[in-house]
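Here's the letter readout for the chains.
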Amino acid sequence: MDINVDVKEIPGKNGVRVVDLNGEIDVYTSPRVKETIGELIDQGHYDLIINLENVRYIDSTGLGVLIGGLKRVREHSGTVSLVCTNPQIKKIFDITGLVKIFGIYDSEASASAAL
Amino acid sequence: MDINVDVKEIPGKNGVRVVDLNGEIDVYTSPRVKETIGELIDQGHYDLIINLENVRYIDSTGLGVLIGGLKRVREHSGTVSLVCTNPQIKKIFDITGLVKIFGIYDSEASASAAL
Amino acid sequence: MISAKNDPTHNVIELRLPSQAEWVGVARLAIAGIASRLDFGIEDIEDLKLAVAEAYTNCIQHAASDGEVRIECAIHPDKLVIAVHDQGKGFNGAEIAPRKLGEPQERGLGVFLIRTLMDDVSYEVDPRRGTRLTMIKHVRPQQPAQ
Amino acid sequence: MISAKNDPTHNVIELRLPSQAEWVGVARLAIAGIASRLDFGIEDIEDLKLAVAEAYTNCIQHAASDGEVRIECAIHPDKLVIAVHDQGKGFNGAEIAPRKLGEPQERGLGVFLIRTLMDDVSYEVDPRRGTRLTMIKHVRPQQPAQ
Ligand SMILES: Nc1ncnc2c1ncn2[C@@H]1O[C@H](COP(=O)(O)OP(=O)(O)O)[C@@H](O)[C@H]1O
Ligand SMILES: Nc1ncnc2c1ncn2[C@@H]1O[C@H](COP(=O)(O)OP(=O)(O)O)[C@@H](O)[C@H]1O
Numbered sequence: 003m004d005i006n007v008d009v010k011e012i013p014g015k016n017g018v019r020v021v022d023l024n025g026e027i028d029v030y031t032s033p034r035v036k037e038t039i040g041e042l043i044d045q046g047h048y049d050l051i052i053n054l055e056n057v058r059y060i061d062s063t064g065l066g067v068l069i070g071g072l073k074r075v076r077e078h079s080g081t082v083s084l085v086c087t088n089p090q091i092k093k094i095f096d097i098t099g100l101v102k103i104f105g106i107y108d109s110e111a112s113a114s115a116a117l
Numbered sequence: 003m004d005i006n007v008d009v010k011e012i013p014g015k016n017g018v019r020v021v022d023l024n025g026e027i028d029v030y031t032s033p034r035v036k037e038t039i040g041e042l043i044d045q046g047h048y049d050l051i052i053n054l055e056n057v058r059y060i061d062s063t064g065l066g067v068l069i070g071g072l073k074r075v076r077e078h079s080g081t082v083s084l085v086c087t088n089p090q091i092k093k094i095f096d097i098t099g100l101v102k103i104f105g106i107y108d109s110e111a112s113a114s115a116a117l
Numbered sequence: 002m003i004s005a006k007n008d009p010t011h012n013v014i015e016l017r018l019p020s021q022a023e024w025v026g027v028a029r030l031a032i033a034g035i036a037s038r039l040d041f042g043i044e045d046i047e048d049l050k051l052a053v054a055e056a057y058t059n060c061i062q063h064a065a066s067d068g069e070v071r072i073e074c075a076i077h078p079d080k081l082v083i084a085v086h087d088q089g090k091g092f093n094g095a096e097i098a099p100r101k102l103g104e105p106q107e108r109g110l111g112v113f114l115i116r117t118l119m120d121d122v123s124y125e126v127d128p129r130r131g132t133r134l135t136m137i138k139h140v141r142p143q144q145p146a147q
Numbered sequence: 002m003i004s005a006k007n008d009p010t011h012n013v014i015e016l017r018l019p020s021q022a023e024w025v026g027v028a029r030l031a032i033a034g035i036a037s038r039l040d041f042g043i044e045d046i047e048d049l050k051l052a053v054a055e056a057y058t059n060c061i062q063h064a065a066s067d068g069e070v071r072i073e074c075a076i077h078p079d080k081l082v083i084a085v086h087d088q089g090k091g092f093n094g095a096e097i098a099p100r101k102l103g104e105p106q107e108r109g110l111g112v113f114l115i116r117t118l119m120d121d122v123s124y125e126v127d128p129r130r131g132t133r134l135t136m137i138k139h140v141r142p143q144q145p146a147q
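Listed in order, the protein sequences are those of chains A, B, C and D. At position 66 of the first sequence the residue is numbered 68 (the numbering used here), and the sequence of numbers has no breaks. At position 80 of the second sequence the residue is numbered 82 (the numbering used here), and the sequence of numbers has no breaks. At position 72 of the third sequence the residue is numbered 73 (the numbering used here), and the sequence of numbers has no breaks. At position 128 of the fourth sequence the residue is numbered 129 (the numbering used here), and the sequence of numbers has no breaks.
There could be a bad hint or two in this list.
Claimed, not checked - Derived DSSO-like pairs (lysine-lysine); straight-line CA-CA distance at most 27 Å:
#1 Lys36/B / Lys10/B
#2 Lys36/B / Lys15/B
#3 Lys73/A / Lys92/A
#4 Lys73/B / Lys36/B
#5 Lys15/A / Lys73/A
#6 Lys92/A / Lys80/C
#7 Lys93/B / Lys80/D
#8 Lys93/A / Lys90/C
#9 Lys10/A / Lys36/A
#10 Lys90/D / Lys92/B
#11 Lys10/A / Lys92/A
#12 Lys10/A / Lys102/A
Everything labelled a hint here was simulated from the structure, so no lab data went into it. Bear in mind the structure is a predicted one, so any value in this text is a computation, not a measurement.
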């Protein structure tokens, strides 16, 4: 019922940041995700990879945080790429149509290669 | 919240039966365990190994089923050996004093060797 | 109101929780447990967890930041009927703008998800006594894992 | 009765469940979720699950095979106070024989476990209105895993 948030750099990809999430993203935990993404954008990181591979659950407040982040980086021609392999989470991005606005990848490597 | 009950034989140990339990033993699932143990005793199997390695939870109704089985096989000079590695389950056998009446083993092999 | 006393043919489980974000996870666990006792498949259980959590979240975010949320699960052999009540000010439905798929809209996802994931959804709003959302999910033969 | 309205310093979560064996697992899941939001360690969470399940099981086996069991959790920063009520006939305490450790006794394990695993346990029995078991567990600094 909790979330762990880690931030990593990618060797050779200057400025790109990976937000590694582990746990469940809901109305209780999403403020922590929002804060981390907000800080990275404040610091001038406009290309973000959000790794959801270890996220077992996401609700609309979590989706809202990702969309809010995307809107902010777009003002700087940035991108938000998602790494997502869990079928239930993929389904949520499908039915909400968010697959069309996020780049969704099967691994951090492929998300990073696409940048 | 459910239980899986399997019965196995042990090569070279005639008459011994292993009851392999997987899941949670509580007031809802313990009747199934009781039924299996009862059938084995009815068939004349008086040396039973109950494998609790994959049991995540046991309550007093589950303990009651094991004690009831022990009482019945003792009438035939039989034994009930338990295989138990989960510290939380071990603790329950400790605080109830049941460690003193059951043989408790770390593996099926050592329970079987002791017979 | 559905109640075990009025209708002995089905069971009712009720949860009363504070209208606070930290307890939504408890509701999800309870719903998952209830759904797994029926014959719901894994995917349907995830749908139920999300729909109930979205409903509870709306009570917390839009109805009242204190008070109580009541989640009532009426358990039938072939369906789960879940009612989520709050003691908030209600709303008139105009707030629920239709979602434009493919646009980055942050709002309106909760009700959209509830309607998509559940078989039947209805709101009863009483500005003095709060909002009651009733949603139904039918037990379906389990699909093989994809 | 403890209630969030009378005492705003703590939260209350209430579960109302049928007095039937199949729902005890749902109570365990909910208690585990509540306890993990406090600072209980893994071992204490297992203790709480077992104590609540034993109390609920006694309602099912000794109080009433239908009707409702109410589990009320009062959440304090430093402790969890859990009351389990049934609508059964009650009992007078003489039924609870002291356990003789090391003897193969099948009965009397439930109350023994509750008393051993919880910090404070008390029964209020009313033959007309049922039994209310109140149990308290304090949050302790977490011990390192053994
Ligand atoms: N329980 C409720 N009480 C009051 N208003 C509600 C409730 N549930 C939903 N609403 C209204 O419906 C709108 C849409 O909700 P939702 O789709 O979850 O999106 P969001 O919460 O992001 O606005 C909310 O903004 C709110 O105005
Ligand atoms: N909620 C209850 N209603 C009525 N009697 C109860 C209740 N809880 C406990 N008892 C009584 O206390 C006795 C001891 O309970 P317990 O230690 O759980 O062992 P067991 O259930 O195996 O008898 C029960 O046999 C019953 O007589």
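So, going through the hints one by one against the coordinates:
1. At roughly 16 Å between alpha-carbon atoms, Lys36/B and Lys10/B fall within 27 Å of each other, so this suggested pair holds.
2. Restraint check for Lys36/B and Lys15/B: satisfied, since their Cα atoms lie roughly 23 Å apart, inside the 27 Å limit.
3. Between the alpha carbons of Lys73/A and Lys92/A the distance comes to roughly 21 Å, so the proposed pair stays at or under 27 Å and holds.
4. Note on Lys73/B and Lys36/B: the hinted pairing holds, with a Cα-Cα distance of about 13 Å set against a maximum of 27 Å.
5. Using a Cα cut-off of 27 Å, the hinted pair Lys15/A and Lys73/A holds, with the two alpha carbons roughly 22 Å apart.
6. A threshold of 27 Å between alpha carbons decides the hint, and for Lys92/A with Lys80/C the separation of about 26 Å falls inside it, so the pair holds.
7. Only pairs whose Cα atoms come within 27 Å are accepted, and Lys93/B paired with Lys80/D is accepted, the gap being roughly 23 Å.
8. For the hint linking Lys93/A to Lys90/C, the alpha-carbon distance of about 33 Å lies beyond 27 Å, and the restraint is violated.
9. Proposed proximity of Lys10/A and Lys36/A is supported: the alpha carbons are some 16 Å apart, at most 27 Å.
10. For the hint linking Lys90/D to Lys92/B, the alpha-carbon distance of about 35 Å lies beyond 27 Å, and the restraint is violated.
11. Taken as a hint, the Lys10/A and Lys92/A pair is honoured in the structure, with Cα atoms around 23 Å apart against an allowance of 27 Å.
12. A C-alpha spacing of about 26 Å is found between Lys10/A and Lys102/A, which places the hinted pair at or below 27 Å, so the restraint holds.
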